[in-house]
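A.B. asks: First to last, the sequence lines map onto chains B and P.
Everything in the first sequence is counted per the numbering used here, starting at 1 for the first residue and increasing by one.
Everything in the second sequence is counted per the numbering used here, starting at 10001 for the first residue and increasing by one.
Each hint should be verified, as a subset may be incorrect.
Claimed, not checked - Selected chain B positions facing chain P (Cβ under 7 Å, derived; list incomplete):
#, residue
1, Trp-28
2, Asn-122
3, Ile-126
4, Ala-214
To be verified - Anything over 10 Å on all C-beta distances counts as not near chain P; from chain B, calculated:
#, residue
5, Gly-11
6, Arg-30
7, Leu-81
8, Ala-85
9, Lys-102
10, Arg-135
11, Pro-143
12, Ala-165
13, Glu-184
14, Thr-202
15, Val-229
16, Asp-230
17, Arg-239
18, Glu-243
Hints in this document: simulated from the structure, not taken from any laboratory.
By construction, the Cβ of each residue, glycine as well, lies at the ideal position given by its N, Cα and C atoms.
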Amino acid sequence: MVGVCVVTGYGINAEEELCEAFRRAGGWVREQHLHDLLENPALLAGYRILAIPGGFSFGDHLGSGKVSAFLLRRNLLVQLLAFVADGGLVIGICNGFQVLVKSGLLPDLQNRQLPEVSLVHNDNGIFQDRWVTIRANPENRSPWLRGIGAIDVPVRHGEGRFVTANNRIRTVLHKMNLTAFRYEGANPNGSEDDIAGITDRTGRILGMMPHPEAFLASTNHPHWNRSAVDAEAAGAVFRNGVEFVAASGFE
Amino acid sequence: MRVEIAYKAHLPDGRAAKLLGRLRSHCNAEIPDLSIIDVYLINEDSCSPSLLADLFLDPVAQEMSIDSPLLGTIRTLWNFAVEVIHRPGVADPVGATARNALSTSLADAAASRDVDKGFDVRSAVMYAVHLPKADEAVRRRIAAALYNPLIQEARIIGQSEWRAGARFAGWYPALVSESSDSVELYDLAGMSDRDLSVLSRSRLLALSLDEMNAVRRYFADLGVVRDREGAGLTGAATDVELEMIAQTWSEHCKHKIFNARISYRDESTPGNPTQIIESLFSTYIRATTDALRPSRPFLKSVFHDNSGVISFDDDHLICFKVETHNSPSALDPYGGAITGIVGVNRDILGTGKCAKPLWNTDVLCFGFPGTPDESLPAGLLPPRQVMEGVHRGIVDGGNQSGIPVVGGAFLFDESFTGKPLVFCGTGGILPAWIGEEEGWMKQIEPGDFAVMVGGRIGKDGIHGATFSSQVLDEASPTSAVQIGDPITQRKMTDLLLEARDLRLFRGITDNGAGGLSSSLGEMAETCGGVHVDLDACPTKYAGLAAWEIWVSESQERMSLAVSPDTLDPLLDLARSRDVEATVIGQFTKSGFVDIDFHGKPVCRLALEFLHSGLPQMELSAVWPRIESRPSTRELTRSDQTAYPADASTLKRLVLSLLSDPNIASKETLVRQYDHEVKGHSVVKPFCGESSDGPTDGAVITPLYDSKRGITVTHGICPRYGDYDTYAMALCAVDEAYRSHVILGGDPDHAAALDNFCWPDPVLSAETPDGEFKLAQLVRACRGLQEACIAYGLPLVSGKDSMKNDARIGGRKISVRPTLLVSLFGVIVDARKAITPDFKRPGSFLYLAGATRAELGGSALERAVSRSAVDGPVEPAFSTVPTVRLEEARSLYRAVALAIDEQLLLSAHDLSDGGLAVAAAEAAIGGALGADIDLTAVEPDGPLVRLFSETPSRFLIEVAEQNAVRFEKIMAACVLFNIGRVIDEPRLTFAVPDRLVFPIEELSRAWKQPIEDAEGAAQW
């Protein structure tokens, strides 16, 4: 079984549906309180996938994901880098994406874990919950993205506007095909180049603002009683992760 | 140290953009620009810059300065700056997060700081405003829009002062005034009646003379005196005891008016019979549920717990509670609302053995946001500011808690200008069985430890329970305001659910109004007593008096009863989850609440007296003949001539109703609520092709492996109460129930909550029409009862708020008597849920249910009375909508059957604005038009056909091939086939004049107001 560690605690609040999404993908899923993980980083070694859910860790009090990133850098960074180097996968959704970006793990172009991109307040300044269509970048070879085209998913954030530190990083990001998802149609937050998610250079770390774990059943989709919807579409992200680890023999 | 953080100059700051929009409209000033700078103040100098950068700075998007201002260096384009910081003693969750992160960063021992030795961080926000020609008045207006003086302080520095060297401080000392730690004694025996009244007023006890006399009698009882002396007390009451009695007996906690003995005289009925009602609660509310109990086996726990509990399926129970937080929201809209949400969340945690919050739902009632400031009495916050703050509080409170706000409503009425009504509701789920015991049951044994979990006790929220039982005026205590912190509560919630599943506690209750006094007082009743040591209670700072510790309403706290053999594991788990848990006493079977402070007894009150010693109020109610009924509005109208109803007037009315704030889209506001975290949502607040059409309520499926769902709906129609609150109550129940039915809910598996928000209904010099308002309350209770019995809808929980009057600047503004009926029920298969958006061109449209000429209190009536068109009004306007219960019941049964057979494509309940509004909303949602012919609909008259608000009606869409079967099922009901859905963007009504609307025009009318309200706040 592929062990999936879903982080909880301190205001993370989308852990239940993320656990369910990985369970349906065939993962052996455990919730792990952030406190326990920080105090005992060795716990990470018991898993092959680390998933950081959405929510408001530490209330977003010092900026979204900031405090979690601060604690993660101080207590878990070494273990996390080893985890990925060993073939482990990491996914951060919404607040989890913000944590990965602000701790310097995404996109980490220079392999120095320095923040190179950020997720800032939406251009209209307000939190919004609405469904959007995102399209996976076919050139990105990340295991998380295999076979994924366009999927419908909700965005639910106030700080999701993707920005790069400078044009050089922006260019490299595109040249290396590290964008994972882009908004199709309306861009809900003013993100640069409509970017909704990115991966690191290995493709093993994926961060995205929209919530594929919120599309668990056809009835979650706003059009479920208007037209046929593909209830399996968003789950592909999680199946990809579990299948990749299973196929790599590192269970 | 002073740390400043701002977005880099090249990055537009979304927060600042939003704030600018609000300021430009609120302050009526063309402000070119504004920057927001986050400020952190640290009361020591040893934090390294790299540590501070790591914690506070996002280097990609922000810049930081330490002990040197960003203003004047990096930010140059500004004319004055306003720095806002929380007042001492007011919770500062952001500062606390920073302090904890700095003090507990585990890998950096050098960074570890000792909070107990006074290490502290405070947060502030600085607004640098670019407004070259601002005079002092404009600056003051802008500053006033940036902070609330009740809870915050602001400092302003202008360019010229800055040049002269003025700077914001590196630290603001947070001194909290210390209370004396001595306990005051009151020898009641020696006091005159007058002294007693003065004491009640001066201590904010809010007890009547009758009640004070009951207290005096208790303390004069020889047996009591002897017992007290044996325990080391005297015959004099301590301040702790008086405060506990006042809290326990407050209107807020004891519902004195609902339990009063009422003599009700109905002068409108021949013979003027007078009826004695022993208690509104027993007679109309509990009796309703008792009568329905045999046919409603799903009822589990009604009225006595923190929320009402019913069965969901064999393995799960669901519970629901709706509270109001009106008075605090009037003073501090943001803090009041956020505290309302996290407070009612705790009611769910405190239900049975601890339920898990599953949904929030909020009904918010404000004065009209466009109310000009000049028309408001001084001292009252403008409605748009109240609305903005309350809405932001609901957004933050709900989103940060991770509990979806699945639905609710916004209501606007001039009578809500004095006090807004902020109804916060939360539903939850809990296992049917926890170990060998049913999940809804509570158990507390003598010898169990009393454990307080969560936040610490401070001076915030003292007297909330007694304050909310009084009229709001200039002297309202600011200490009554608390600010909830969703994150502290979220941490506590995770701990409690984990501890519940490990069975580490037996009993649980929340600390809301009345604090420990209320929670432990209630829990003590279950086992027969409690003994508390106030010195053990963790406080935020020194200097709290004993009584303050006991009644403080500081947030995010729960009280547990913990068996001695699970105490250590519970405390260990709490430590590992960063949540404070402290033993503060022990449950007993002594029959008393005993409290010690500094090693001496300061309270010994018999539970029997506390909970049963309150004298019953005696009140009188009079329902006058119609011509002598006082009313907020002129009701007797000439009714001979029809309102001029040519096609162009009718068209104008349709569009103006769509723009009525009560009807218009609230999408921009509602989208700011996370309504689908947890992944349960099936029917969301919006539906349709572009997800912009409204829905009639929410459906969620709480279990990932089951299609069984929960419906959540509301009914509220205060304007009907101008005519008769009996009809208003019938309609409120009907609206909640018909929404449940039309969503696809099981008509036999639903329960309701009643929430009464009334103006003071007790006759007094200040309330000369008290007898009438009380009669309105009696009539509302009757309507509630009759409708609930007819629909088989048991009441399982409720709340009343009886003093919704504001007396400010010599004016009294009282709310319209308001009853909110909130319903939760089961939908057996959520895949059969129905939404209002038109689905398929060519399908038939039906109007189900009889239409009557009922426009009294309607949206049309308001539109007409507001509009410049004066003159006579048609007869319908003096008839208030009312429910024919038997007819409605059979309609609902038939519709439920048709939904179960999946014959419906769409359906919308008819409410405010009648058929015209319902059809427009369905067309907007579906992005499809319709040809609707109303000429066959009885009774005649275009106004009635389009706008009548007769309840118990639906607009239903049925595919042509299902029409025969549908009509057969509906054979016993009034049903009109009124047209078809068409594949063109056009809605037509034939009445018989043809009114043709491009959908774009309807959509614009319906959406424009909210877009304006966000941009320009011109509603």
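A.B. asks: So, for every hint listed, does it hold in this structure?
C.D. replies: Here is what the structure says about each hint:
1. At about 17 Å, the closest approach between the beta carbon of Trp-28 (chain B) and any beta carbon in chain P exceeds 7 Å, and the interface hint on this residue is violated.
2. Given the 7 Å rule on beta carbons, the hint for Asn-122 (chain B) holds: about 5 Å separates it from the nearest Cβ of chain P.
3. At about 6 Å, the closest approach between the beta carbon of Ile-126 (chain B) and any beta carbon in chain P falls short of 7 Å, and the interface hint on this residue holds.
4. Given hint, Ala-214 (chain B) at the interface with chain P, holds; its Cβ is 5 Å from that chain's nearest Cβ, closer than 7 Å.
5. Annotated as non-interface, Gly-11 (chain B) brings its C-beta within 10 Å of a C-beta of chain P; the closest such distance is 5 Å.
6. Interface exclusion of Arg-30 (chain B) from chain P stands, the closest Cβ pair being 14 Å apart, more than 10 Å.
7. In this structure Leu-81 (chain B) is separated from chain P by more than 10 Å, as the shortest Cβ-Cβ distance comes to about 15 Å.
8. Every CB of chain P is more than 10 Å from the CB of Ala-85 (chain B) (nearest about 20 Å), matching its label as outside the interface.
9. Under the 10 Å C-beta cut-off, the non-interface status given to Lys-102 (chain B) relative to chain P is violated; the minimum distance is some 6 Å.
10. Residue-level check passed: Arg-135 (chain B) sits 20 Å from the nearest beta carbon of chain P, beyond 10 Å.
11. Taking the minimum C-beta to C-beta distance to chain P, about 24 Å, the non-interface status of Pro-143 (chain B) holds against the 10 Å cut.
12. A Cβ of chain P approaches the Cβ of Ala-165 (chain B) within 10 Å, the least distance being about 4 Å, so the stated non-interface status is violated.
13. Its beta-carbon lying about 15 Å from the closest one in chain P, Glu-184 (chain B) satisfies the requirement of being farther than 10 Å from that chain.
14. Once the 10 Å rule is applied to beta carbons, Thr-202 (chain B) is consistent with being away from chain P; the minimum gap is 21 Å.
15. Every Cβ of chain P is farther than 10 Å from the Cβ of Val-229 (chain B); the closest lies at roughly 12 Å, confirming the non-interface assignment.
16. The non-interface label for Asp-230 (chain B) is consistent with chain P: the shortest C-beta to C-beta separation is roughly 16 Å, beyond 10 Å.
17. Non-interface status of Arg-239 (chain B) relative to chain P is upheld: no Cβ of that chain comes within 10 Å, the nearest being about 16 Å off.
18. Distance to chain P confirms Glu-243 (chain B) as a non-interface residue, since its nearest Cβ pair spans about 21 Å, more than 10 Å.
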